[in-house]
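Participant: Sequence:
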Amino acid sequence: MVPTNETRRPATAEIDTIPSSPDTGDVDERATGRYFRRLVGTDVHQALAFFGSDYDFRAPRVRRTHQQAHWDFAGVGDDRMSLRSSRFLVDLQTDSRTDGEFLVAWIRGGSSTLTYGGESYDLEPGVPVVLPFAETFELHHRDIAMNLVQLDSDFVRSIVGEDDFTFETLRRPSAEGMRAWQSVVRGYASTWLDVDHELTPTAQRDITEAFATAAIAAFPQRSPWRSTVTGSGPEHERLRRALEYVHDHAREPIGTPEIAEAAGLSPRGLQQSLRRHLDQTPGELLRGVRLDGARADLVRSDRDETSVADVARAWGFGHLGRFSATYRARFGELPSESLRSR
1 MVPTNETRRP ATAEIDTIPS SPDTGDVDER ATGRYFRRLV GTDVHQALAF
51 FGSDYDFRAP RVRRTHQQAH WDFAGVGDDR MSLRSSRFLV DLQTDSRTDG
101 EFLVAWIRGG SSTLTYGGES YDLEPGVPVV LPFAETFELH HRDIAMNLVQ
151 LDSDFVRSIV GEDDFTFETL RRPSAEGMRA WQSVVRGYAS TWLDVDHELT
201 PTAQRDITEA FATAAIAAFP QRSPWRSTVT GSGPEHERLR RALEYVHDHA
251 REPIGTPEIA EAAGLSPRGL QQSLRRHLDQ TPGELLRGVR LDGARADLVR
301 SDRDETSVAD VARAWGFGHL GRFSATYRAR FGELPSESLR SR
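When we follow my numbering, the leftmost residue of the sequence shown carries the number 1, and every step to the right adds one.
Hint data in this document are derived by calculation from the structure and do not stem from the laboratory.
The beta carbon of each residue, even a glycine, is placed where N, CA and C say it ideally should be.
This list has only true hints and no planted wrong ones.
Restraint ranges, calculated between C-beta atoms of paired labels, are given here:
#, residue 1, residue 2, range
1, 313, 333, 18 to 24 Å
2, 187, 340, 23 to 29 Å
3, 302, 59, 44 to 50 Å
4, 277, 202, 48 to 54 Å
Modelling step: build the complete structure from the supplied sequences, incorporating the hints.
Facilitator: Structure, rendered in structure tokens:
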């Protein structure tokens with residue numbers, strides 16, 4: 001069946017409901033490069049062809065859950081970002097892969113289980129996560145209603161200033177990060193999705209950068225540490241758990257006992273394992289992670305809005321002089337030199 005059109009409705013923006021764009025089976029592109037598209041249909045094969053072209057579905061398996069299947073898609077975007085909303089009322093299992101864009105996703109209805117790296121993750125309604133990037137994963141959608149924010153990876157990396165930047169996969173944001181993400185969605189989604197209102201190039205760029213900056217602040221970032229532990233034995237897994245715990249809780253007042261407990265090791269066992277595989281003590285590991293986190297905050301911050309002392313305290317450094325000296329020894333510049341004006 002050819003996709004049908006629905007009645008135009010006004011755009012409203014909430015964190016759990018990104019609104020639909022106006023109804024059209026074709027892509028409508030404005031002078032500023034902002035496009036919108038709206039599709040509705042009941043043909044499962046057509047839906048698989050449409051969604052599979054964007055998300056590289058591989059050997060999809062579909063089981064009907066209703067007498068008549070239903071699917072719809074709405075999207076408004078440009079070459080830096082798009083906001084998308086979709087429904088697919090079937091039971092769908094498939095491998096999927098997306099290259100070149102970071103996808104922030106959350107479900108509004110139905111259920112979704114993603115399997116990646118040997119682990120399965122159930123998406124929670126209204127809780128955004130970043131989907132696997134440039135890696136194949138398995139998805140199992142059941143009567144899914146989902147929102148997606150697509151961010152061009154080169155655009156995000158240009159803001160971060162790191163060519164190999166990527167997010168940690170399927171990790172929910174902190175409470176603070178969730179508030180930052182919600183604020184941007186609520187503050188800008190309705191403007192972006194109001195395609196009857198032409199945005200200036202500057203306003204369009206500002207909105208896309210607001211979403212990218214919020215994602216960078218909200219979602220955990222993948223660090224090179226994951227590749228530092230090679231091997232697949234029980235000790236390697238415990239050490240990875242220790243590293244994961246440190247990266248997740250480095251802002252908190254933790255030490256060797258807490259890290260060892262999280263890894264399932266004794267404090268002495270943790271010390272031996274770290275020395276054997278990474279030639280570090282627990283204290284050196286924690287200090288290094290905190291320094292890296294402080295540097296990331298400094299280079300992304302504006303000196304008119306924060307200070308070196310604020311960042312140092314946030315990462316557990318109580319003595320500003322020692323922090324500056326240690327920071328300079330590690331990065332070759334003072335913290336104040338990293339804190340640049342925008």
